[in-house]
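There are 2 protein chains.
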Amino acid sequence: MLNIAVFCSGEGTNLQAIIEAVQRGDIKARLSLVVSDNKEAPALQRAKKAAVKTIFLDPQEFPSREEFEKELIAYLQEENIGLIVLAGFMRVLSPFFVQKYPNKIFNIHPSLLPAFKGSTNAVRDALNYGVKFSGATVHFVDEKIDNGPIVLQRVVEIEEDDNEESLRQKIHHQEHIIYPLAIKLFAEGRLKVKGRKVKINPKPQ
Amino acid sequence: MLNIAVFCSGEGTNLQAIIEAVQRGDIKARLSLVVSDNKEAPALQRAKKAAVKTIFLDPQEFPSREEFEKELIAYLQEENIGLIVLAGFMRVLSPFFVQKYPNKIFNIHPSLLPAFKGSTNAVRDALNYGVKFSGATVHFVDEKIDNGPIVLQRVVEIEEDDNEESLRQKIHHQEHIIYPLAIKLFAEGRLKVKGRKVKINPKPQ
Chain W
22 MLNIAVFCSG EGTNLQAIIE AVQRGDIKAR LSLVVSDNKE APALQRAKKA
72 AVKTIFLDPQ EFPSREEFEK ELIAYLQEEN IGLIVLAGFM RVLSPFFVQK
122 YPNKIFNIHP SLLPAFKGST NAVRDALNYG VKFSGATVHF VDEKIDNGPI
172 VLQRVVEIEE DDNEESLRQK IHHQEHIIYP LAIKLFAEGR LKVKGRKVKI
222 NPKPQ
Chain L
22 MLNIAVFCSG EGTNLQAIIE AVQRGDIKAR LSLVVSDNKE APALQRAKKA
72 AVKTIFLDPQ EFPSREEFEK ELIAYLQEEN IGLIVLAGFM RVLSPFFVQK
122 YPNKIFNIHP SLLPAFKGST NAVRDALNYG VKFSGATVHF VDEKIDNGPI
172 VLQRVVEIEE DDNEESLRQK IHHQEHIIYP LAIKLFAEGR LKVKGRKVKI
222 NPKPQ
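For the record, the sequence lines run as chains W and L. Every position in the first sequence, counted from 1, becomes a number in the working numbering once 21 is added. Every position in the second sequence, counted from 1, becomes a number in the working numbering once 21 is added.
Simulated from the structure, these hints should not be mistaken for laboratory data. Fair warning: there could be bad hints in the mix.
It does not matter which identical chain is meant; a pair holds if it fits inside one copy or across any two.
[Unchecked claim] In silico DSS-like cross-links for lysine-lysine, where the CA-CA straight-line distance does not exceed 25 Å:
1. Lys138 with Lys74
2. Lys138 with Lys60
3. Lys215 with Lys70
4. Lys165 with Lys69
5. Lys138 with Lys165
6. Lys74 with Lys224
7. Lys138 with Lys70
8. Lys125 with Lys74
9. Lys218 with Lys138
10. Lys138 with Lys49
11. Lys70 with Lys60
12. Lys215 with Lys49
13. Lys215 with Lys69
14. Lys213 with Lys91
15. Lys70 with Lys91
16. Lys49 with Lys205
17. Lys60 with Lys205
18. Lys125 with Lys165
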């Protein structure tokens, strides 16, 4: 059975949606580990409440990003993690880390990538740009920011009375649908990556 | 009544959609002029068939882009043009030209801008990127490429068996809906530009 680790730095609403999908049996995998770089992240409480093992790693206690990541990898290997899910994790993973898990790290971005790639506030940037549609994107993580092959996207219409908060809520709502779905498809071995394209194989009968 | 000029270099399928919307009475404006920089553009034939005045301007006959554009502007002023519609016009207009018609030039781009901004083959680029959704964008032209305020967008889903031709057809289909609609809204005075945002005022009762 696939072992999953979720990395969070904050609220953990995507983590919550994943926990619930695992509990419902939608995702056939074990949520083995929740990692945070922020001791106060509410995500850690959500994990504990669901009896998921948690680890807090303080980046300031490591002399370099590589040392931090080596420690992280040791924990992941101990739990035999086969999929890493970034869910509001506010650190960029180095190529050293990413190369250890090729096409085994998911990220979610609150825009229709490649629109607003690299933005740290893609919801606000989309509003300020004046786009009529935005959305959410689940993608594999490669060595460039917000760049890897796209797994799933969902579209959200921006209405004239939308503000940052209302648009954020709409996009979060879609995230909470597609992130568990992407993990479910991965756990079922149904994602086929070819170059930049991700095909979804049909469910075997 | 608003006088419109459409600039084309090629096939003119968007021009055709606009001609038909004017003929149906959906767009309350006069299609006064079709301009081409390509003598062989089928768009010129479509215009002639609809009894619209056409002008072919050969850029090679002018010593500079500015001289070319000055001649163009003379024709536009003669016809008292209030809206310029770029429909497959393969030349970039200079800031000199654009500043003469602030928020009075439309362009259409076959993607959900800002995704694939500046691409000369946004349909192929979207396919190769592996996005799950693309679309079409009508925007005002400013001094940067594919950059001005967005008027209308429509979304197209990319399916696994789509190729460049099938995706192009889907996007063209949406273009032929939103380009006449954007012109209709402009002609009715219902587009309000504020910074980068374009609001659509309700139809007066």
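If the cutoff is 25 Å on CA atoms, where do Lys60 and Lys205 land: within, between, both or neither? Let me know, please. Intra 29 Å, inter 56 Å, cutoff 25 Å: neither.
Can you give me the call for Lys218 and Lys138, within, between, both or neither, at a CA distance of at most 25 Å? both (18 Å within a copy, 20 Å between copies)
Alpha-carbon proximity between Lys138 and Lys74, which holds within one copy, between copies, both or neither at 25 Å: neither (32 Å within a copy, 44 Å between copies)
With identical chains, the pair Lys74 and Lys224 could be close in the same copy or across copies; at 25 Å between alpha carbons, which is it: within, between, both, or neither? neither (31 Å within a copy, 58 Å between copies)
At most 25 Å between C-alpha atoms: does Lys215 with Lys70 qualify within a copy, between copies, both, or neither? Neither way: Lys215 and Lys70 sit 38 Å apart in one copy and 48 Å across, limit 25 Å.
With identical chains treated as interchangeable, where does the CA-CA distance between Lys213 and Lys91 reach 25 Å or less: within a copy, between copies, both, or neither? neither (29 Å within a copy, 55 Å between copies)
Within a copy, between copies, both or neither: where do Lys138 and Lys70 come within 25 Å Cα-Cα? Cα proximity of Lys138 and Lys70: none, with 34 Å in one copy and 45 Å across.
Given identical chains, is Lys138 near Lys60, meaning Cα to Cα at most 25 Å, within a copy, between copies, both, or neither? neither (28 Å within a copy, 41 Å between copies)
25 Å Cα cut-off: does Lys138 pair with Lys49 within a copy, between copies, both or neither? neither (31 Å within a copy, 40 Å between copies)
Within, between, both or neither: how does the pair Lys215, Lys69 come out at a Cα-Cα threshold of 25 Å? neither (37 Å within a copy, 48 Å between copies)
Reference check for the pair Lys125 and Lys165, CA-CA at most 25 Å: within, between, both, or neither? For Lys125 and Lys165, only the intra-copy Cα distance (15 Å) is at most 25 Å; the inter-copy one is 39 Å.
How would you label the pair Lys125, Lys74 (within, between, both, or neither) given a Cα cut-off of 25 Å? within (20 Å within a copy, 60 Å between copies)
Going down the numbered hints, you'll see the structure goes against 1, 2, 3, 4, 6, 7, 10, 13, 14, 15 and 17, while the others check out.
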